[in-house]
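The task is simple: from the sequences and hints, build the whole structure.
Protein chains: 4
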Amino acid sequence: MSSSDIFIGETIGTAILILLGGGVCAAVTLKASKARNAGWLAITFGWGFAVLTAVYTSAPLSGAHLNPAVTLAIAIKDGDWKNVPVYFAGQVLGAMIGAALVWVAYYGQFHAHLTDREIVGGPGAQDTAVKAVEAQEKGAGPVLGVFSTGPEVRVAWQNVATEIIGTVVLVLAVLTQGLNDKGNGLGTLGALVTALVVVSIGLSLGGPTGYAINPARDLGPRIVHALLPLPNKGGSDWGYAWVPVVGPLIGGAIAAGIYNVAFA
Amino acid sequence: MSSSDIFIGETIGTAILILLGGGVCAAVTLKASKARNAGWLAITFGWGFAVLTAVYTSAPLSGAHLNPAVTLAIAIKDGDWKNVPVYFAGQVLGAMIGAALVWVAYYGQFHAHLTDREIVGGPGAQDTAVKAVEAQEKGAGPVLGVFSTGPEVRVAWQNVATEIIGTVVLVLAVLTQGLNDKGNGLGTLGALVTALVVVSIGLSLGGPTGYAINPARDLGPRIVHALLPLPNKGGSDWGYAWVPVVGPLIGGAIAAGIYNVAFA
Amino acid sequence: MSSSDIFIGETIGTAILILLGGGVCAAVTLKASKARNAGWLAITFGWGFAVLTAVYTSAPLSGAHLNPAVTLAIAIKDGDWKNVPVYFAGQVLGAMIGAALVWVAYYGQFHAHLTDREIVGGPGAQDTAVKAVEAQEKGAGPVLGVFSTGPEVRVAWQNVATEIIGTVVLVLAVLTQGLNDKGNGLGTLGALVTALVVVSIGLSLGGPTGYAINPARDLGPRIVHALLPLPNKGGSDWGYAWVPVVGPLIGGAIAAGIYNVAFA
Amino acid sequence: MSSSDIFIGETIGTAILILLGGGVCAAVTLKASKARNAGWLAITFGWGFAVLTAVYTSAPLSGAHLNPAVTLAIAIKDGDWKNVPVYFAGQVLGAMIGAALVWVAYYGQFHAHLTDREIVGGPGAQDTAVKAVEAQEKGAGPVLGVFSTGPEVRVAWQNVATEIIGTVVLVLAVLTQGLNDKGNGLGTLGALVTALVVVSIGLSLGGPTGYAINPARDLGPRIVHALLPLPNKGGSDWGYAWVPVVGPLIGGAIAAGIYNVAFA
Numbered sequence: 001m002s003s004s005d006i007f008i009g010e011t012i013g014t015a016i017l018i019l020l021g022g023g024v025c026a027a028v029t030l031k032a033s034k035a036r037n038a039g040w041l042a043i044t045f046g047w048g049f050a051v052l053t054a055v056y057t058s059a060p061l062s063g064a065h066l067n068p069a070v071t072l073a074i075a076i077k078d079g080d081w082k083n084v085p086v087y088f089a090g091q092v093l094g095a096m097i098g099a100a101l102v103w104v105a106y107y108g109q110f111h112a113h114l115t116d117r118e119i120v121g122g123p124g125a126q127d128t129a130v131k132a133v134e135a136q137e138k139g140a141g142p143v144l145g146v147f148s149t150g151p152e153v154r155v156a157w158q159n160v161a162t163e164i165i166g167t168v169v170l171v172l173a174v175l176t177q178g179l180n181d182k183g184n185g186l187g188t189l190g191a192l193v194t195a196l197v198v199v200s201i202g203l204s205l206g207g208p209t210g211y212a213i214n215p216a217r218d219l220g221p222r223i224v225h226a227l228l229p230l231p232n233k234g235g236s237d238w239g240y241a242w243v244p245v246v247g248p249l250i251g252g253a254i255a256a257g258i259y260n261v262a263f264a
Numbered sequence: 001m002s003s004s005d006i007f008i009g010e011t012i013g014t015a016i017l018i019l020l021g022g023g024v025c026a027a028v029t030l031k032a033s034k035a036r037n038a039g040w041l042a043i044t045f046g047w048g049f050a051v052l053t054a055v056y057t058s059a060p061l062s063g064a065h066l067n068p069a070v071t072l073a074i075a076i077k078d079g080d081w082k083n084v085p086v087y088f089a090g091q092v093l094g095a096m097i098g099a100a101l102v103w104v105a106y107y108g109q110f111h112a113h114l115t116d117r118e119i120v121g122g123p124g125a126q127d128t129a130v131k132a133v134e135a136q137e138k139g140a141g142p143v144l145g146v147f148s149t150g151p152e153v154r155v156a157w158q159n160v161a162t163e164i165i166g167t168v169v170l171v172l173a174v175l176t177q178g179l180n181d182k183g184n185g186l187g188t189l190g191a192l193v194t195a196l197v198v199v200s201i202g203l204s205l206g207g208p209t210g211y212a213i214n215p216a217r218d219l220g221p222r223i224v225h226a227l228l229p230l231p232n233k234g235g236s237d238w239g240y241a242w243v244p245v246v247g248p249l250i251g252g253a254i255a256a257g258i259y260n261v262a263f264a
Numbered sequence: 001m002s003s004s005d006i007f008i009g010e011t012i013g014t015a016i017l018i019l020l021g022g023g024v025c026a027a028v029t030l031k032a033s034k035a036r037n038a039g040w041l042a043i044t045f046g047w048g049f050a051v052l053t054a055v056y057t058s059a060p061l062s063g064a065h066l067n068p069a070v071t072l073a074i075a076i077k078d079g080d081w082k083n084v085p086v087y088f089a090g091q092v093l094g095a096m097i098g099a100a101l102v103w104v105a106y107y108g109q110f111h112a113h114l115t116d117r118e119i120v121g122g123p124g125a126q127d128t129a130v131k132a133v134e135a136q137e138k139g140a141g142p143v144l145g146v147f148s149t150g151p152e153v154r155v156a157w158q159n160v161a162t163e164i165i166g167t168v169v170l171v172l173a174v175l176t177q178g179l180n181d182k183g184n185g186l187g188t189l190g191a192l193v194t195a196l197v198v199v200s201i202g203l204s205l206g207g208p209t210g211y212a213i214n215p216a217r218d219l220g221p222r223i224v225h226a227l228l229p230l231p232n233k234g235g236s237d238w239g240y241a242w243v244p245v246v247g248p249l250i251g252g253a254i255a256a257g258i259y260n261v262a263f264a
Numbered sequence: 001m002s003s004s005d006i007f008i009g010e011t012i013g014t015a016i017l018i019l020l021g022g023g024v025c026a027a028v029t030l031k032a033s034k035a036r037n038a039g040w041l042a043i044t045f046g047w048g049f050a051v052l053t054a055v056y057t058s059a060p061l062s063g064a065h066l067n068p069a070v071t072l073a074i075a076i077k078d079g080d081w082k083n084v085p086v087y088f089a090g091q092v093l094g095a096m097i098g099a100a101l102v103w104v105a106y107y108g109q110f111h112a113h114l115t116d117r118e119i120v121g122g123p124g125a126q127d128t129a130v131k132a133v134e135a136q137e138k139g140a141g142p143v144l145g146v147f148s149t150g151p152e153v154r155v156a157w158q159n160v161a162t163e164i165i166g167t168v169v170l171v172l173a174v175l176t177q178g179l180n181d182k183g184n185g186l187g188t189l190g191a192l193v194t195a196l197v198v199v200s201i202g203l204s205l206g207g208p209t210g211y212a213i214n215p216a217r218d219l220g221p222r223i224v225h226a227l228l229p230l231p232n233k234g235g236s237d238w239g240y241a242w243v244p245v246v247g248p249l250i251g252g253a254i255a256a257g258i259y260n261v262a263f264a
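Protein chains in written order, with my numbering: chain S, 1 to 264; chain G, 1 to 264; chain R, 1 to 264; chain D, 1 to 264.
Heads up, some of the hints might be wrong.
Unchecked claim - Here are some of the chain G residues that sit facing chain S, going by a computed Cβ distance under 8 Å: (1) 165; (2) 262; (3) 264.
To be verified - Straight-line distance between alpha carbons at most 20 Å, and here's what the computed EDC-like set of lysine to aspartate or glutamate pairs gives: (4) D:31 x S:152; (5) S:233 x S:116; (6) R:233 x R:80; (7) R:82 x R:5; (8) G:233 x G:116; (9) G:138 x G:152; (10) D:138 x D:152; (11) R:31 x D:152; (12) G:138 x G:118; (13) S:31 x G:152; (14) R:138 x R:237; (15) G:31 x R:152.
Because the hints were derived from the structure by calculation, they are not lab data.
On a predicted model such as this, the values are computed, not experimentally measured, just so you know.
In this text, a Cβ means the ideal position worked out from N, Cα and C, and glycines have one as well.
See below:
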């Protein structure tokens, strides 16, 4: 694979991943969406099939890492760091493009949601501070959730641990794919299994932090959230931004270590 | 593939697609259905597995395009326009047959739904204009939704953009299937992936417009809706009919362009 | 395949099919079940994966018809009627065994459901006729629904038509499996597709009649319902019993005809 | 496969199985989880995809039994008992590790749930005995349910029978995998089918007892529940602990017998 194929593949693939992954959050969360309140199962299958679509589409170009934690783990496993920066660059750029496309596809829904007086505080909310807090909770919080993850219980060690554990599971499944496929061209089946593993992680380990398990998935859209001209959007919660970057990278490294010790 | 195989395959396949796709909308929407209020997840899995069933059944005859946007993209990719009119004709005819079969299978449900006084306006609705609007919202709107798509926020540029984005994702996945399969006869697996990609698009990009992503899927059933002798059925919303035709065709062309530049 | 392998395979396979298919109806319907009110999506995935489990397990012995409509269609397609009675006998026997196993697995739930005074009429229900009707609606109706199908709108021509349409879709997908597999040993994938086709038919065409699409699936358990010593169980609705037998058989024959004309 | 590969594979695989399986119970049950009240479908798909992830990851090392009932059945089928103790040891150890990891990943959720005064009895609950019973029902019962199974109707013969029936279905599907795969390297597809069979058993036979169908899955986490320093956690229901051990072992033996008589 050439560097340009890797960069283009990772950019297209991660853009599709975040378009569909952020899209399902918008679909289930925002006002004036047919999928509103479709529930956690819709979120988790939506993200899983986003992985399937993204991996399937970009695999012929770049091998479909789409996740710096996967790229890191494969570099550790193979001892080959040459293309790592190209992968990272495509992943972050793609994630930003995907987040911007969610904004286009749900343009009217974002504006209906954020400008709804009932959501942002209501006519009776005289006090500005209270109004701001209510807006965060009712309108802006869900909108940030379309872009980036956040914890239910904000305790740094647990949030990092949960992201580490989820990423170890994901990356172990990705690394063992080579052992299961035995070179008989079943890459498509591998993409399907990876997608269902992501559904599994979402259902089983997504409750506490919303399962970023991918630094690019969280950081790229958070940057876009900070840049977009959305009314009443509130802050981008930069204080939490390091957790879904550091946790998954540690998880990827641990998974590579387990692989090298137990499976290689 | 002979022209007659293509025509028969596309007619059968698109008929099954719309029978099952329109069917799940009827099942979830109409009164006196066991599946009533089964939710958005049922709608999206229903349409996805409709694609699976339709593709699997018609692929041996016509290759299972079942969508003018797919036919257009493959023609652009291959530079071969010979059978395009045959594909289009089978797709629109099949979509009309499928919509008519939904009417047969849910005959009692359509009539129970549209003649229910509680739905069409109620005994207290004296004023004809108000009654008509309420009927549209309560009874006729959902019935049209069994046949064709409509937007939650009616803004033409966004509606077209959302349909374009969804169709680009669909068609890119269809076009890269050839790169993933590597000629080892895994067409069945390709059909399954395509089906799950459609579930993904439904979950993630269906919120604003109901994801037509297929001109025949929307236009054929809309014609049937206009022709069927349903009581209180209301209008067929022809003012919107161009969006789910033009948007997907543009999306198919863009996807073919991306494919030719990045993947070919 | 020997006659005894066919008989044993169809008996085991159809027993598993009805154990799991009837089981999900019991799980979602009866009191004192953890899955109570899990909804239509649970029912349809439950029946679909019941087909997967049953087909996968019995295919090595009998080819896994598990459905007289499938056996009829294959006999018409191949012009070979030799083993048809063996298939039919195994299917009906297996369906009866499966229904009895549901009764064992949910023994406490059936009794909790049928003897709950709140369900069967309540302490205030003095009038016996009213009490009987209420029992049918509240307690006995759902219990019969664990065994056999029944229509939401009881109009014979529509009920038969809906069962025909659903069975045509099912059997066409089964018959085209041979064209899709191309002899490369992907029977497992065919079983998976068939299972998801059944989910599709359930989601899309199950609303009016509960999608028997299989004479043995409906008749065998109805006989068991009539025989079992369940308190307050009400009648077995024999007046409807011909519909889910005749409709699917007609549907199987039509699908075989379509196959022979268009695909052979 | 060497003994150490078997032990490591079963430990890793069963740890992933229980991490994800217990995880989905925590996600759906506990306070301060994004997945709270996601429902029975989430539970059953969560456990099924937990099986997929665990089997896929551990199969290259140990063949991925992950269940003493499967190990027992394969030993009976093959007449080879050499590695049975190694399998059992890895399975129980892995299950305990997995349960401990659920505790880490959901640490804040466990504590939020068990120390919530509204859940454990409320400020008005003066009487200690009443308070203890309410705590069991509202707070401690669901927490034990994250670790181990329990029946809805506590009747030993039915609970054992339900576990036997479910395990027979599971193990028959596992044993026939060899007949379906025909040595063409489709182990990945076998893992997927096994996962969906587990979803099926959950949907269809999980209502009465919560479908342990695996002695290690129930016993290992129950030991961890007894050891963990959780506040207000209540008892570990040791009186029921024999049922999900004995039932599945009997079921595995019966399935092996059916296989040897009908399929071998």
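Okay, the hints, checked on the actual structure:
no. : hint          : in the structure
1   : 165           : 5 Å, holds
2   : 262           : 5 Å, holds
3   : 264           : 11 Å, violated
4   : D:31 x S:152  : 10 Å, holds
5   : S:233 x S:116 : 12 Å, holds
6   : R:233 x R:80  : 42 Å, violated
7   : R:82 x R:5    : 14 Å, holds
8   : G:233 x G:116 : 12 Å, holds
9   : G:138 x G:152 : 15 Å, holds
10  : D:138 x D:152 : 15 Å, holds
11  : R:31 x D:152  : 10 Å, holds
12  : G:138 x G:118 : 9 Å, holds
13  : S:31 x G:152  : 10 Å, holds
14  : R:138 x R:237 : 16 Å, holds
15  : G:31 x R:152  : 10 Å, holds
The structure fails hints 3, 6 (numbered hints given earlier, in ascending order).
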